[in-house]
Every structure is written in C-alpha cells, then in structure tokens.
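K.L.:
Chain by chain, the residues run as shown.
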Amino acid sequence: MKRSAKMQSGFLALGAVLAASALSAHASGITPREMADALHSVMAADRAVYTRLIVNRLQNEEKIIKASEHWKDDKALVLPAQMFRFGAEEVAKSKPNFSYSLLSLWPVNKQNAAKTPVEKEGLDFVAKNPGKNFYKEETLGKKTYFTAVYADTAIAPACVTCHNNHKDTPRTDFKIGDVMGGVVLRIPINR
Amino acid sequence: MAKKSRRILWIYWGVLSVAMAAYLTVGLLDKNAADSPLFATARAMLLPGQTTHGHYQIELKCESCHGASFGGPEAIQEACVKCHGAELKDADDKHPASKFDDPRNAGRLEKIDAKMCITCHVEHKPGITQAMAVTKPVDVCFHCHAGEEEMPPDHKDLAFDGCTAAGCHNYHDNRALYEDFLLKHNNEAKVLQKALLPQRELGAMVKEMASYPAARYPLKPLSTAEQDAPAGKHGSAALQTDWLGTAHAQAGVNCSGCHVSSAGDNAGKWTERPSGTETCKGCHVEETKGFHAGKHGMRLAQDLSPMTPGMARQPMKADAAHKQLGCTSCHGAHRFDSATAAVESCMNCHNDKHTLAYKQSPHYALWQKEIAGQAPPGSGVSCASCHMPRVRMRTEDGVRMVVQHNQNDTLRPNEKMIRATCMSCHGLGFAIDALAEPGLIADNFKGMPSRHVPSIDMAVAKDAEKQRQRASRNP
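Note that the protein sequences, when read in sequence, are chains C and F. Residue numbering for the first sequence follows the working numbering, beginning at 568 and increasing consecutively. Residue numbering for the second sequence follows the working numbering, beginning at 53 and increasing consecutively.
Simulated from the structure, these hints should not be mistaken for laboratory data. Check before you lean on any hint, since a few could be wrong.
Claimed, not checked - Computed list of lysine-lysine pairs in DSSO-like fashion (alpha-carbon distance at most 27 Å, straight line):
1) C:Lys639 x C:Lys695
2) C:Lys682 x C:Lys662
3) F:Lys188 x C:Lys677
4) F:Lys341 x C:Lys660
5) C:Lys734 x F:Lys167
6) C:Lys734 x F:Lys236
7) F:Lys421 x F:Lys333
8) F:Lys321 x C:Lys633
9) F:Lys134 x F:Lys285
10) F:Lys151 x C:Lys682
11) C:Lys677 x F:Lys167
12) C:Lys734 x F:Lys272
13) F:Lys208 x F:Lys272
14) C:Lys660 x F:Lys141
15) F:Lys285 x F:Lys333
16) C:Lys639 x F:Lys272
17) F:Lys167 x C:Lys710
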C-alpha cells in the first residue's frame, strides 16, 4: 500500500511538472518541438529508472518478484510499458495541453500498434535512424497536432527477455540497444 | 343564454389549465416533490418515458441524474460517474472515458462518443432498451473493432452482433473473461476440491485497521451483567439473549455502541431508536456505502424515503409490500443474525422464480448442512453468498474482507459474479456455462448447464496455434 501510494504520488508530481511546463510553454515562447523534447527527457529518464532499478533489478537480477501484465492477479510488478501508460493516464486527468503514448511496430499489446500514418512513419524513421527523432504535424479529429516520435530502446536484459519470450510478441530477436518502439508525443497547435 | 354558459365553460377551462400548469410547475421545481404524496404524481406525469431497471427507484428525483438545474449532458455524465465511477474503476473498465481523450482515438470518437455514458445508455427509452440498459444496437462493437488487425481469425465466422454474448466479452468488465485468465483456469473441475467461500476476518481486520476503536470496543465478549444501558433500558430477556448471541456482544460492542451517539447534538445521550443506516455507518462504512449503491439503498442515497418491496418491479411478496428497507429490515435490531440476513430476509420479500427455486437447489442443501454444523463454515451457499458476497475490498483502512452490500455488484452482466463468488467453489468453464443459461438461473442452478460456451476452448486453440507458429519460427 505504502509503496503504491509513493509511486502514485511520484507520478502525480511528474504529472504536475509536465502539466506546468505545458501550460507555460506558449507564454514563454518555447516552440512545440522544444517543449516536446523537454517532456520526453523527463519521461525517458523515469522510464529508464523504473526499468533498471525496479524491474530489471528485482525480477532479473535478484529474482525477488516478477513483473506481469496481469500484475493485480499475479501480485507482481507493473511492466515498464504499463508504468509508462499509467503515468500517461494519470497526467491526462489534469487535462494538460499534450498527450503521449508508447507504441511499436512490433507491439506485444495490439493496442500499442501504430495507428495513424504519422505514427507509422515516425516509428519506422526512428527504428531506421538511430539517435534521431521524428517531428511532423498531423490532423486528428479536426485538431492539428505537433507530433514528435522518440526511439525507445532496449536498455536492460528485462526488456529483451520479456519481449522476445512473450507469447504475443511478433518479434523474437531483440538485443540490448535495439529500437523496440517509440514514444509518440502530441501537442495541439493552432492553424 | 348559450353565450353565457359558453363563457362559464371557458372560465372553467382557463382556471383548470392554470391550475394544472401550476401543479406541474410546482411538481417540477419542488425539490421534495419526489417524496410528496401530492406532487409525486406531477413528477410522474412529466417523465418522458419509463426508466430502466437500474433507475426506476429514483426516477421521480429528476435532480439525481439531471442535476439541480437540468444542466444537460455534462451534468448527466457527472451524475453517472458519481454513482458508477468507483465500480467501473474497480472493474478495470476496458473503455474508460479517459481512453478517448487520447487524440489517437479521435477516429473512433467520430464513430461513437464513448466519453459519454448516455451514448450507449439513454434513459426513458423503453422501446430501444436492451439488456444492461444498453440503447445502442447490439452490433455497436463491430464499428470500431471489425478491422483485420483486431478481429482474430477464429472470430471470422461469428455473428457480427454477438461480441457481448454470455461468456464472451463485456464492454466494461472483463476480469473473468480475458484471454490469459481463461488459459490459466482451463480444465478446472466443475466443483473444486476445496470448495469454500471466504469467511469473516474480524481478528485480522482489527489488527490492520488503524481506525478500529479498540479502546471503546476491546475485542472481548460481553455478558448480560456488563450491559451499559441506563436503568430501565435493558430490554426484555429475549432482547438481551438476542444481543448476547451477536457478533456485537462477542466483539465488545455494548448497548451504548448503537444507542448513544458519540457526536452531534445528541452526543452522549441515550437514543431509544437509533436512526437506521446513519448509526450503523459509524462503524460499518463500507457496508453502508455498498447498501446505498445498490437497489435496496439507492433511494436513501438520494435522500428519498426508504425503498419498499411495494415499489419494486420484480415480483415481491404482497405482505412485505410496505416494509421499509434499511440495515435492520434485513439484519433485525439486536439479533443481527447474518445467517437470517443471508437467506430468510431475502425470501421474506422476493417472490420471483429464482428465489422460490432456491430451497430445492443444491446450494441450499449445502447451506442447511453448514447451518446445522454438519459441514465447515463457507461450504454452504446462501442468497448473500452470490448477491452480497464477502470480498476483499480496498478501504480507507487498507484492503480487508467486507460484505459487498451492493446486491448489483455481481450482476448485469452476471459474469461479474464469477470471480467474486462462483470460482470459490467452481471451475471457470463450468461457471461461464452455468451463468450463460437463463433457464438454469431461473431454476436456481438445480441441474447442469445444457450448452457449452467455447471461450476457454478458443483461447486454448489460439494459444496452441501461437506456440506452433513460434516453434516453426525458432526450430
């Protein structure tokens, strides 16, 4: 209980920081690209910390507890991808001026497959161009967005073992350092 | 002469019209009209159509759903979430409104406004209302999930309007139906070897609850001599015997626990007749919350008079028509016998086929054995075992065992009952089959399911195919 409460409060704090940065972006003359890059740097850092210090350490190294997509039923750790999604959902509650998700061309969960043409193009780009980000405008539901896609790479053994061995994975040859998907971040812009 | 009588008729017509308009206006605007013998009829006349099984109890209190000033769809949405939000969250709702805030789902939102409950659940439309109070056509899932990427190959021959058939998928709650859960519980026996329902955990609860008033109610059985009622208020010998037999007396809860308020204007004073749910709520917060969320207590939750069997649409016993529902209507004041509350209290009012068939059911036979002490605690199945089960619930004092007093929590769709109740004793496959058969439910599960829902079989076949493909990729 205490651990989950701490995690929740941590994510709420992250949400507040991200929302505050989003609200002040336009006022201070920050471009959507700069704002997206800044937001992503926070997300990527938290994601890496959770993957390395919690999941990889406790599941793969110390073998104390497993991580499972059915974490409630299995009384297990939340998977890093789920942690990222739950964070995005928690942030979304404060109705910030941006949204983000973790998608892949090889998703374990089909809901995380690229859906829009820009998502497909962006995920393909970051997979083929290591170290580069992808930026493009797209219109969804009559709104125009600045969409940024950042590579999501395998940073720990937990990433590759889980994705390569999952029964629903469409790809089984991931290695550490491979691009496994991407963070898609959207900021609505006026046109 | 004729002209004069016509004028009188016009005056009568005018006066009657104004009176009727005034009557309806007061009926609409008076906040207490729903419970007023005079103006409830006005509200009933203003109803645009019959409400669903879930709301008819409070249908005259328009404000419950429409807000105080008929604020439109947003106010209705707020009311939906206020009553149903927590339940949906607990159910790991697969289609939460928040999911559709994501711009990626903009295309789906154009097909169906999934952010608003009233998109699928329109009230006052009996002509188009189906099971679960859904007012959308039954092929609604198909509009978003028909794509090749989402529709698995083994679903291609299934009916386009059968997604939510019993034992397949639910829009909100799939806790007992998700694929890995089906796989995990494949090949389970009809009746499990250890078929026991959860029991009370009072001792553990007291230790875990930071707010348990152990100083006021130390966990030690009380005797008649220790009663703390003032002189002349000790009640009859029968009443004292009732109290002595309760969990209250066993847990050190004395007369003052219910008869003396600890707060408010009457703090410290003896109250002859404690005020129903408010008194019980002092200790039984979660139970009261559940009661107010269900059909028995939802009128009280809306500040209406208590529900009575006479108001119900389901068949009820005529002699119970005027019984007002509160904690003591089922538990009885002083006796608080949970075994009585779990069967007899239900059967004293309910008069439908399922209830009447209970005493011929195998579940009741098990219950009788347990009550007679011939079988272990938890082996019997009462009405409450399924409709008000003991569940581990997240409360302000942490997770603990609580009787879910919202009788609807395990119903509509009835797959909600599978994990909370059925699987304590039965295998998943058997439970899915049994709950998919209306005739068997009406007979109170006397007999065996006559048809098989292939959900688990499909999940197993899909899993085997995946493993085969995987093996061929990585020989």
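K.L.:
Of the hints given before, which are not true for this structure?
P.N.:
As far as the earlier hints go, 1, 5, 7, 8, 9, 12, 13, 16 are violated by this structure, in ascending order.
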